[in-house]
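Whenever a hint applies, use it, and build me the whole structure from the sequences.
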Amino acid sequence: MLATRLGTLQLTNPVLSASGTFGSGWEGREFSDLSRVGGLVSKTVTVKPRPGNPPPRILETPAGMLNSIGLENKGADYFIPESLPKMKQLVGEHGRVIVNIGGESIDEFVELAERFTAAGVDALEVNLSCPNVQEGRLLFSTSPQMCERAVAAVKAVTDVPVFAKLSPNVTDVVEIARAAAAGGADGLTAINTLIGMAIDWRRQRPVLGRGIGGLSGPAIRPVAVRMVYEITRAVDVPVIGVGGIQSASDVLEFLCAGAAAVQVGTAQFADPALMVRLVEDLERELAGLGRSVGELIGSAHPEAGPATPGQPAAAGASAQERR
Amino acid sequence: MDGPIPVTGPGQFYMLRTPTRWPVLLPRPFSLYDRAPDGSWGSFLLKGVGPGTNALLDVDVGEDVLVTGPLGRTFPADIEDPVCVAGGVGLAPFLLLARAAKANDRPVRLLFGGRDRAALAGLEDFEPIARVATSTDDGSHGHHGLVTELLERMIERGEVRAGETVFCCGPDPMMHAVAKLCERRGLRCFLSLETYMACGYGVCNGCTVEVDGERFRGWPYSKTCLEGPVYEACELVELRS
Ligand SMILES: Cc1cc2nc3c(=O)[nH]c(=O)nc-3n(C[C@H](O)[C@H](O)[C@H](O)COP(=O)(O)OP(=O)(O)OC[C@H]3O[C@@H](n4cnc5c(N)ncnc54)[C@H](O)[C@@H]3O)c2cc1C
Ligand SMILES: Cc1cc2nc3c(=O)[nH]c(=O)nc-3n(C[C@H](O)[C@H](O)[C@H](O)COP(=O)(O)O)c2cc1C
Ligand code: FES
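These protein sequence lines map, in sequence, to chains A and B. Letter by letter, the first sequence follows residues 1 to 323 in our numbering. Letter by letter, the second sequence follows residues 1 to 241 in our numbering.
It is possible that some hints are incorrect.
Unchecked claim - Listed next, the in silico SDA-like pairs over lysine to any residue satisfying Cα-Cα at most 25 Å (straight line):
{"#": "1", "chain 1": "A", "residue 1": "Lys86", "chain 2": "B", "residue 2": "Val61"}
{"#": "2", "chain 1": "A", "residue 1": "Lys74", "chain 2": "A", "residue 2": "Glu114"}
{"#": "3", "chain 1": "A", "residue 1": "Lys86", "chain 2": "B", "residue 2": "Phe216"}
{"#": "4", "chain 1": "A", "residue 1": "Lys86", "chain 2": "B", "residue 2": "Arg217"}
{"#": "5", "chain 1": "A", "residue 1": "Lys74", "chain 2": "B", "residue 2": "Arg117"}
{"#": "6", "chain 1": "B", "residue 1": "Lys180", "chain 2": "B", "residue 2": "Glu124"}
{"#": "7", "chain 1": "A", "residue 1": "Lys74", "chain 2": "B", "residue 2": "Tyr196"}
{"#": "8", "chain 1": "A", "residue 1": "Lys155", "chain 2": "A", "residue 2": "Ala181"}
{"#": "9", "chain 1": "B", "residue 1": "Lys180", "chain 2": "A", "residue 2": "Pro55"}
{"#": "10", "chain 1": "A", "residue 1": "Lys48", "chain 2": "A", "residue 2": "Gly7"}
{"#": "11", "chain 1": "A", "residue 1": "Lys74", "chain 2": "B", "residue 2": "Lys180"}
{"#": "12", "chain 1": "A", "residue 1": "Lys74", "chain 2": "B", "residue 2": "Gly218"}
{"#": "13", "chain 1": "A", "residue 1": "Lys88", "chain 2": "B", "residue 2": "Asp212"}
{"#": "14", "chain 1": "B", "residue 1": "Lys180", "chain 2": "A", "residue 2": "Pro54"}
{"#": "15", "chain 1": "A", "residue 1": "Lys48", "chain 2": "B", "residue 2": "Lys180"}
If you are wondering where the hints come from, they were derived from the structure by calculation, not from laboratory data.
Below, the structure written as structure tokens:
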């Protein structure tokens, strides 16, 4: 009932952690049995160690938070021997280990993909929200050409599924999604944080040390749901929905919008055992509905046909009926 | 708060959140103030400064609060007879310490400062078990002035000598002043930082401070929720300038 699939990657259930919001899972091990989640996605790993941005790095905002962590991580040389074995141990036999990689050039993405493929991972997630330092510092996530090249370069050196993590900070996310698919992506993760800013008017300075930061949490959920819906109607590649998920009902909303799996981020800060609880709640909700995860994916799309009468309507489905 | 409350060291904290009181999303960190010896109840000392603390102060008896902890490192346990310096709700981490010291017949020395008498909440819990001196900015209780002046006076009178240790918790400017004074006078100083946190258990990297010290193995930032909130003052880069 809970099983789902991202291309060739089978998941026992659709609940994954979102990159950068659960470390490598080790700090969360005492709060729940992580072998019950669909999988863990690592914090972005870069080639070289990155100390990250100056504090303050976080701020709570209405129904969300801003962060400017700056991809703080100790680099692949540390991650591969220290963190990767722990992730594998935590998810056990059935959970998946997905490593999120961040490059500052195509070459760095290739190097990371080669090393993690050799080290053994179930899938790679390409964090496109990184500047291409070699070519004008533009983000990979904002240019269709660069996005396609980065994904294709990673695909060329690995045999594990490759997911492209998309940024919402673009005019047309479908255009970027198409480019990632053309590059051979086996899945698309949508969405990363929305760029925002907060200013302390008393000091007349931005609150965060870096100035700008990424907005996450329930505040961005409608944006994420809309983007998942648009992408899955236009592109024939499985999508992992992420943005503001707090409850099983939110997970179901993303499934109906077209997501084949979801990631949970900010909400885990408030509740370290959230992912496992979502798996349990989801099972109960689906049993009540008499439906499986697979049956709900994309069920809010018009081409999926009218919602069956009496079926407790997901937000998208009822809107569809009224139209 | 009803137990069971795990054994918690002085300086350790819990993340608290009211699940039903929209719009507060993230939990907030608080030191455990008091705990029944058998763990059957625990308490926190809260000051309302914003939406998170105010939502918690509004909670009715019997209402659910999400609690994660104990988290973080304690003040070092091997220091005998430290001088505790507290400002306002910075008093919170010291009650467990004072109770333990009293049980060993070595009542702790506490210097406790606040804006006025009302800011000295919790004072009555310490008076029977610790050697307390107070200060207020408005002179409404104890010394009329800053808590650092109390510490300076103790040093001058030879009641505290070089090589002894100060434990401090309070507003940033006060902790800075105490750390500087300790440095000048050759005292060791440990601070419990009140950093802005999102998760409290080490996964968000949001709570970092700039550090320098062997235990950080060359990394310039430390997560206060895991490696703190207690740091020796000499580890904090911000205090060097
Ligand atoms: C380890 C630890 C233990 C703590 N123990 C206690 C305790 O026992 N009792 C208690 O009352 N408080 C304690 N605090 C402080 C408490 O967590 C904050 O007051 C609380 O998070 C503020 O949340 P808020 O939503 O009410 O206010 P916010 O809206 O978050 O803040 C209100 C105002 O305070 C400022 N502010 C908030 N947090 C901080 C901070 N960390 N550093 C500097 N300025 C800040 C904001 O800039 C703003 O001006 C502790 C903090 C830490 C890290
Ligand atoms: C503190 C923090 C750190 C993050 N770090 C990363 C990261 O390293 N790499 C990445 O691809 N996304 C990162 N993200 C984005 C999340 O993975 C996710 O896409 C986003 O937060 C939206 O989901 P949420 O609303 O459930 O948090 C981070 C988010 C937060 C809040
Ligand atoms: S508060 Fe999240 S890492 Fe410390």
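Taking the earlier hints as the rules, which of them does this structure contradict?
Hint check: 1, 5, 6, 10, 11, 13 and 15 fail, others pass.
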